[in-house]
Amino acid sequence: MSDIAVSRHPLWWLHPAAVPKRLRGWVIPALLLLLWWAAFRFNWSDSALLVPISKVWQTAERLSSSGELWTALYASLRRDLAGFAIGTLVGLLVGAALGLSRLLEGLVGPTLNTLKQISLFAWIPLISMWFGLGDAAKVAFLSLAAFFPVVLNTFEGIRSVPPELIEAARVFGYRRDQILRRVVLPAALPSIFTGVYLALIYAWLATLGAEYLLTSGAGIGNLLTDGREHFWMDYVLLGIVIVGLVGFALNWIASRFEARLLRWRGHSTAQF
Amino acid sequence: MSTATISLPAVPEPATSSTPAVHRNWRLPWRQLGRLLLALPVPLAILAFWQAAAVYEWVPAQILPSPSAVAATFVDLLRSGELQSNLLISFWRVLWGFLAGAGAGLLLGVGMGLSPLVKDYLYPSFKTFAQVPALGWLPLLMMLVGIDEALKIVLIAKASLVPVTLNTYKGLQGVPTRYIEVAKVYGFSRWQLLRKVVLPAAFPPIWNGVRYGLTHAWLALVAVELLASSEGLGFLIVYGRQLYQLDVVLAAVVVVGAVGLLLDLALAQVEKYLLRWRRDAF
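Chains A and B are the protein sequences, given in the same order. Sequence positions in the first sequence follow UniProt numbering and run 1 to 272. Sequence positions in the second sequence follow UniProt numbering and run 1 to 282.
Hints listed in this document are in silico derivations from the structure and should not be mistaken for laboratory results. Note that the structure is a prediction, hence the values are computed from the model and not measured. The beta carbon of each residue, even a glycine, is placed where N, CA and C say it ideally should be. Misleading hints may appear alongside valid ones.
[Said to hold, decoys possible] To spell it out: a stretch of chain A is covered by chain B in this simulated footprint if at least three of its residues, at any positions, have a beta carbon under 8 Å from a beta carbon of chain B; those stretches are:
#1 12–23
#2 27–34
#3 83–97
#4 112–122
#5 159–171
#6 230–236
[Said to hold, decoys possible] Which stretches of chain B does chain A cover? Using the computed rule of at least three CB atoms under 8 Å from a CB of chain A, they are:
#7 117–129
#8 259–271
Turn these sequences into a full structure, and let the hints guide you.
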């Protein structure tokens, strides 16, 4: 810290640059926690909304030992992944078909693009009419949420394969399936993966929406709804933490997977 | 056309330069018409099938009202002014929420993008905050601010804040160092550097963030109106659903899609206008 010019000032330690670089990110969370703790410790408010941190922890322990938390998490994750898998699979197939055939693109592309504009959650009332309020409706909705980003990015990925690559492959006498497998697929893969990645994020968002709106069965969304309806702040805060952690974990898995899948690309872009 | 050529005496031969333009003017509509003709069969087939399903009662009208019933309901809703008033309410919510969220996002993104110190302090907290989707914050917000207008504005603002902030920050970070070095060699002042180099270079990703922000704002609006509202397009959908009037639901869904499309098109037009200087490069 000796290299900081402001250090001679009596209040030098108040300067933002006085905090070591690695600790800077922790300052705001620490201040918030302190504020939370102080609000409780000094009785700034006796609102039912102000629960101590320890109570959130106790609730977490209670719900996890009773299994309630795990049931909810399992139910949410299962439908999230089921919807994601169906939506992604159909999206990949449709996206690839549209990308490879100009005729199909002309026929179906505009319709898909129009349907895409309908805000995702607006489908829920319709889906609930057609599929009820159970898991079938939720999975159908999640598939829809995952479908659109995958279709678009698969299509874009295939269409943006440089024509020179395909010409070069033709010169080398590649057959059609060889061109697809060795040229088009690898070139389109990064974009396809972006779509799958987005689908994962959207599916998780949609899981919450589906559980709020199609209130039946267990799930993290139902945990949050319960907490809100009964004014249990500890439930709500716990739910938010779990939603964040699951989102984080899904992101992390996807980025690991992507790094592995795209290993052959090397790190050329990172070097600049 | 002719006035332009007259006012530009520098153009060497107006006759030769105008022939390909005319040629193109003749050809363009045909291609678009062809595309339109190709795009029509699928929606028409869906509509025809849908109408047939309703007419021959393959499915009960309560589950799937015919397209003509939906159209009639749409006209009714328009005539009574119900659609317009709800649309207007939704529109203002999105506008205010989006302006608040995108404004704050631009500030945050610029702050983090230009100052490493600000970035060190805020970025980890921001990332954590962004990890929970807007819908995850909804129950907490309902408890804190109630279910009035404030809830909708805050939620929409949150939904648009995250993409705008991230894209602004990444856009500013992504400005190639070479550009900045060149500008420094030319003796640009700090302000000139920002105005003439950093901003134009970072603009496309920032604008992308704004577009995502608006899309997310619209998404959040519909979600929050479905969950907690007594007015707006989302409410119209819930209302129709509760009364088992799927024609109302479908009419409102069509409007939701149309507005989403219009918003996207409007922003694409603005982008074209703002980036008109870029066309010269290609």
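Of the numbered hints stated earlier in the document, which are not met by this structure? Of the numbered hints given earlier, those the structure breaks are 3, 5, listed in rising order.
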